[in-house]
Structure formats: structure tokens, C-alpha cells
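These protein sequence lines map, in sequence, to chains A and B.
Going by the working numbering, the first residue of the first sequence is number 1, and it counts up by one from there.
Going by the working numbering, the first residue of the second sequence is number 1, and it counts up by one from there.
These are computed hints drawn from the structure, not numbers from a lab.
Fair warning: there could be bad hints in the mix.
[To be verified] Chain A side only, calculated, beta carbon under 7 Å to chain B, not exhaustive:
(1) Phe9
(2) Met13
(3) Ala16
(4) Ala116
[Unchecked claim] Distance condition first, Cα-Cα at most 27 Å in a straight line; then the derived DSSO-like pairs of lysine-lysine:
(5) Lys589/B / Lys173/A
(6) Lys42/B / Lys173/A
(7) Lys173/A / Lys49/B
Note that the Cβ used here is the ideal one computed from N, Cα and C, for glycine as well.
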Amino acid sequence: MIPRNYLVFALGMAAALAGGWLAFPRALYRTVEQPLQFSHAVHVGESVGMACQDCHSLAEDGRFSGLPKIDLCAPCHTDPMGDSENEKKLVESYVIPNVEIPWLVYARQPENAYFAHAPHLVLAELTCEQCHGPHGETDTLRPLEQNRITGYSRDIWGRSLTRVRNAEGEGMKMSDCSSCHRDRRVRESCLTCHK
Amino acid sequence: MKTNVTRRDMLTLGGGVAVGSMLTPAPWLLLDDLAIWTQNWKWIPVPPKGVRTSQKTVCSLCPAGCAVEAGCVGGIPVALRAAADGAPLCSLGMTGHHLAWHPARLTAPVRVAASGGEARLTAVPREAIVREVADAMRSQGRGTIAVLDFRPGRGVSWAWRNLLAGFEGAAVIPAPGSPGSGLRAMRGFAPDTQGEWVPDLDHATAILSFGAPLADGWGGARTRARLMDGTGLRLIQVEPARSSTAALATRWIPARPGSEGAVALGVASALASADPQIASRCEEILPLLERLTPERAAEIAGIPAESIFEAAQMLLDHPRSLAVPGESFAGGRFDPTTELAILSLNVILGRIGAEGGIVTRAPLADPVDGAHLAPMRELDETPDASIGVLIVDASAGEEPLPWPSVARKLAPRALAVALSPFAAGSSLHAGRVISVPAYLEAIHEVPRACDVAMAALSISRPLLAARVGSADPASVVREIAASAGVELEGDWSSTEELIALRTAQIHRSGVGRLEGGEAGSPDELRDAMLEGARWTTEPVYHQIRMSISTEMAHRLATIEGTRREDLVVVPRTSPDAAWSAVLSPLFTKLHQESGLRREGGVAVVNPATAREKRLRPGQKAVIRTAQGRVVARVEVDHAVMPDVIELTVGPTPLALGQSRNRVISNSLDVCGSSGTGWRCTPAAIEEA
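All chains, full assembly: derive it from the sequences and hints.
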């Protein structure tokens, strides 16, 4: 018969393992829906035929312009083009009153980190998908999983909590930047990103 | 079945939970998230984001005056880098834009009270401090008046001299350890010479350097480049530690600290024996040189006599050679007798005024011609307990200086006032501090120090608005003058106006040239300099015959009796950590994490010394000198010679915490006991 002490110890361990692997991630991240659903697939697909940089273009100084302003949506969406509820919401809540859409950004970095898209896209010739995944093929926007402690997206840490088998482009922590630079034998220094 | 839950069960369950937790991501993720959470506290300044613009200025953190290109967002500098045609920035220069937000930043004048080794600050109106200084100056009841100027040669430096001109015995004391300050000892040979004595390193083909950190920027970028290049320049470095300069030198002579004067006289002895013409130039010290042979000097210094003969032969073989005493970044100048011995080598070789020797350069034009000026006086020439009113001008930066060497010059009840942007360094020792703008917040002049032959002046233009509560140093001079009833010369009221007057004088004189720009009028000259252009002059070559006087011979004779100390402490810091009382937290983080440079409070000893004193790496040790005691962490390194403790006084990982706690003393304060420098101090060390 297994000694009682062993059983109690195993019980405690099992509870911690269940809590740490199952309950903790649910407690750590809260799910926040995007203000509006948007289909990248429709816009990038054959019917519209747009490219990533048509909306997410580089600024003149090499900085990324980031998210498109409502001015960019307005020319095509002054009136609903279809019967989608989301398009109706876009026109009525944002285009007509000329209000910017408060998108939730999956890749937002801490304030002390500067990231320039230009050298990565132009010099290193990386594609958007290598860091952001196949975002352009999605029909809906997934909810943002926001870390309750830091306020940042789960995409920064990566989907895998252990970070042991992160796929390329998964995770946007400093160690991910460093390992990508190391793999490509690109020089890095603290002051490159931390000004 | 009834089961009793015992205390043992609870502890066992807790143990299981603890072990199980370690096998989940929870504790590790929490650690990471909590660390990130601490970066987002609301009082932590957030750098702006947005369209990036570029602005040019000049780094005023040290006398090198490197051209800087600032990346700005929303008009605020967020990144500094060297301008395209400039020298690479050091780590202090790269992180200089953080200093304006340093936790030790002062935004109001304060009164400082020492309590239990820490400083307590109380805000006071600037007018009250100005009135107190002016009253003390008028009465002169406490002693003489002095200004300790950490960046001499600026327009504000001239204004201080003009202010003190009317007070008997008043003088401006230049920073005792700035690069090239050891060359000021040349005044002993030619007291009436106009201009500043400087080494013409760029045209020298052989240099006998006594501790000059040539690889770290001392002597200018060209000398450093020639040294790195490894061709066309022979360098013999006399230095106790294997510094980066010693590593690049043709020959490194690891002489015992304090024996450099003996080495210089040993070389002189070898020169006099080899060349009768040289012997004829040093008749006054020939008897001394006959006694202090190269062999005897080598014995004092703990080096082979061949090293001394080799140094002498190098000086003989190269017609464009010189010997130069260099300032250590933390240790400052040699004692005056050692400087005299080193500079005497140039005199007996006939290298004074010759190309590649010790030459003079014209001083920078003053803002106002022919004004009455108080004299400049060295700190060690100032009598002890004589200063009644001391103004410490650290407005443009400050360098390591043990406060006891200043404190011994103060009379009882002396009034000390500092002008500084920070509650750190010298300002914590002064009773009152007037807050001034930090780097990039105000216009600054950057005159090149006396370690290069070409005089140079750059202007650092502001990129940030000055904080409310900080006063322009020149306007403080005006306020003190007005309150003390002193009439200042010239029509100016701010640093900017002083600079305008000076650039106009430079333009009028027609001397020198503008590097990186053209100027047809005084305004164009000033505008070009504000855009990063530098005004320079060429050295003056005019060979002068000098001789060693009887008085000098008597002083040099004291070197013969140099006693070998059992153990000495030698302060060290990295060059980029030496120029500011505070450093960017990022800079100290780099020191802490990279291991590239030693942090402050580390005592480095040779393995033989460690064995003898029973010290182990990592343990704490107490270093005792005549000035006091300091606790330091021990490191063991073959690059430090036996019987030497190399005490690092540079940045410490706790710099942020220390500045917040405003700890008054630092490890440098135990250095210096004779009143003539703090480069090498007899010490004892034991396990803490």
C-alpha cells in the first residue's frame, strides 16, 4: 500500500499542476473583443485585390504607419456596399461621424522598446507573415488575449506557455528578437531598440 | 472511514503544491509579468512616439566635443548617435539624453544638510542663496574667495574671473584632473609664456607616456587612430596596470605607482650618459643623475633596467619625440615633483616649442577684450583652511574629485555653494546648490582641454526646454555681482550672450579656422558652430631653450628618496564614466550586466597580493588609508601589479538607489593624503 504521505504529496502536486497549466492561463489572460469585425481575406482576395502595405504602409521616415485611419476606409464605405452587420456598424459608428476605430493591437510593445519596420521589411526582406502569421487570410479578427498584469497581448509571450516549441515568428519578446538576429548573424546592441 | 487531517498532512500537501508549481509556467510567467509591470508605473517617464526628426548638436559632457546627431520625436531627443563625419560616441554620450530625467535631477535651489552620511535637501529661494554669497563676498570675513571650475575656458569661466577680479586674494581653481592639466607644470620653466602648454602628439613619432590614457581619447582622436593603426608611432607606456593604452603600446613598463618620477630621472640619466649635448643641458641635476642611475631607478620602480635604457634610446632615435605626464580618469594628476621630472625630459632633449614636442597654443579669445580678471590658481597651490567662500561650478559636468582634497582648503565656517543640475557629486558636499539646466537643456561651450595641440571651441545647442527652477549660470554670476555691488565688464546677461560676444571676438581676430563650415560674419560663425562646426587653431612652433633651475634641482632630488610603500591604492574608472556626477540608468545597467567594465566599489588585486592578504574573489574587504576606510568587493586579476589595489570608482549598479538616498561619501574619498593629488595612496587591506 502507498504510504499516506506520498498520496498527500501527490495530491498537492496534482492540484498545483492542474492549477498552473489549466486555471492559471485562464486567470492570467482576459479576452477582449475587437470593436469591429473585419475580413482581411475579403480585402486581400481577388474581388478587392489589396496588398498589406495599401493600408499598413511605411511612413516616409521608415517608421511604420501602423493601423489605417478611418480616412482610408471612407472613400469605399461612405455607404454600405453589402448587407453585413459589421460594415453597417463601420459606416454608422465610424465613417459618418469620422471617428477612428479603437483597434486592439496584438503586437503592441512596451514603451521602452523601439521597433522600426523599415530595416526588417526593406533590408532583411522579411514578409509580414513571418512575424504576424497568416493574418491576411483571416475572415474575422480573433479577440485580444490581454495579460491582466502587464496589459500586453498574449502574442508577445507566444501561444505556447512554455515557450519551448515556439514556431518562427511566434512570440515577440526580446529573446525572440535576439534569437532571430543571432540566427541571421545580424549585429544587435541594447541601444538599437532601447533608446 | 474517518480520516484525521494532521499538521503533517498540511505541510506535505504544501510541499507537493510547491514542487508541482515549479513544474508549471505559473511562477516563471509571473516573474516575467511582474518585471514588465514595474516598467509601466505611472511616474516612469514615457518616451514619445511619432514622426522622427533629426537635429545636430555637440556633446558637451566632456571636453572632446563630439558632433552629435539627435533623433527626436515630438521635439524630444530619444536617441543620440555620432554625426556622420564625427567620432563614434562613448556610452556616456549615447545615453546623455537620459540625464535630464535622472532621479537625482534638481529642479529647485536647495540647502543641503548632512545627516548620518546622507544628505537632506530643503528647497530655498535662489535669491536667498545669491544674497548669502554676495554678503559673504563683501565682508570677506570667512577667508578668501574661490571658484572651483570643472570646465575652465568657457565664457562663464571668464565671467567668474571677472567677478572675482575686484576681491583681494580671490582666484579661480581649474579642475585639478582634467586632461592635459599636468602640462601646466611647464609654467615652472617659463612663467611668462603666453598661451597654454600642450603636447603636439599628432606630429610626434615616439611618445614616452607616463600613464596618459591615449587609447581612451586622451590626446585626441588622431593619436588614438594612429595607436590603433599600429604604424608610424612608437609608444612606451609607463603605467602600473595593463590598461587599454598599455595593451596597444610598443612597450609597457609596469612601474610601481609613485615611482614614475624615478623612472623619468633614470631615463634622463641614461640620456645624459649617451649624449654630451644633453648632459650640458642638465648640469644642475648631473650629480643627482649620477646617483640615480637607470639601474637604481629600475630598482625603485621594480622593473628591469633594460626598460629604462630602451625608453632613452627611443627618445634619442626619434627627433620628433616627447615625454608626457597623463592624468588618470579617476586618479587625476601626478604630484608636482613627478610632473617636473617627466617634463624635464623634454627640456633636456630640446623638445620645447619643437614640432612633435611640447608646444604652446593661443588661448581662446575672451568675450570682452582687456577685462580685469582674477588669477587662475591650482588646487594644491591654495593654502589649507584659506577659502572662506567657495563656488563650485559643476554646471557643465564634473569629474571625479575626492572631496577631502577640497575640504582641507576651506576655512572654518566657510560657505560653499554649487551650481549643478544634480544632487550628486560635489553638490552634496556644498551647503547650498543652485539648480542649473542639464545637458541638452541649455547652450554650452565646449573648449578642448589641454591634451591636444590645437585649441578648439564647439557650441552645444539646446534641444530641450530648460526646466522651471533651473537658472542660467551666467545670469547667476550677474545676480551675485549685482547683489555684491560689483560692476562686471561687457554687455551680457546670459550664457548665450557671452557666447555671441566670444564668437564675435574670434571672428574679429581672424585667428584660426572653422572646421565643417564657413563664416563671413560673426553671426554666421555662431550659426555654423551651433550646427556642429568647430573652430580650431594650429599650434605655434617656436623652439625655446630652457634649463633646469637650482630650485627645481632641489625638488627633483627628493625623488631619490622615494620610499617603496608596502601597499598602495590606485583609483580607476572608465573614461566615459568620469565626466558626469550621474550616469544614465541604462549605462549602469550595461556595466552591471555586460561585464565589459567594472562597476564602482571593486578592489582589484594581483593573485600574489590576494594570497598574501588572504583575500578571495567575491568577498568583501576593508581598505584603510589615512583618509578613512571603504568596503569593497575583491576581484583578482593578473593585469594589476603586486602590492597595488586598483579601486574602481566608476558607475555602480546602485547608482540610482544611491542618488535617491543621496549618499555623500564615495570610495574616492579615501584616496589622497599628502595634499598633492590622489593618484597613489598608501593603504592597508583586510577581509571585512
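These are the hints, each one checked on the structure:
Interface restraint check for phenylalanine 9/A: the shortest CB-CB distance to chain B comes to about 4 Å, inside 7 Å, so the restraint holds. Checking methionine 13/A against chain B: minimum C-beta separation of about 4 Å stays under 7 Å; hint holds. The closest approach between the C-beta of alanine 16/A and any C-beta of chain B is roughly 3 Å, which is under the 7 Å cut-off, so the hint is satisfied. With a least beta-carbon distance of about 9 Å to chain B, the hint placing alanine 116/A at the interface is violated under the 7 Å criterion.
Distance hint between lysine 589/B and lysine 173/A is fulfilled; the C-alpha atoms sit about 19 Å from each other, no more than 27 Å. With a C-alpha separation of about 22 Å, the suggested pair lysine 42/B and lysine 173/A falls inside the 27 Å cut-off, and the hint holds. The hinted pair formed by lysine 173/A and lysine 49/B meets the criterion: a straight-line CA distance of about 20 Å does not exceed 27 Å.
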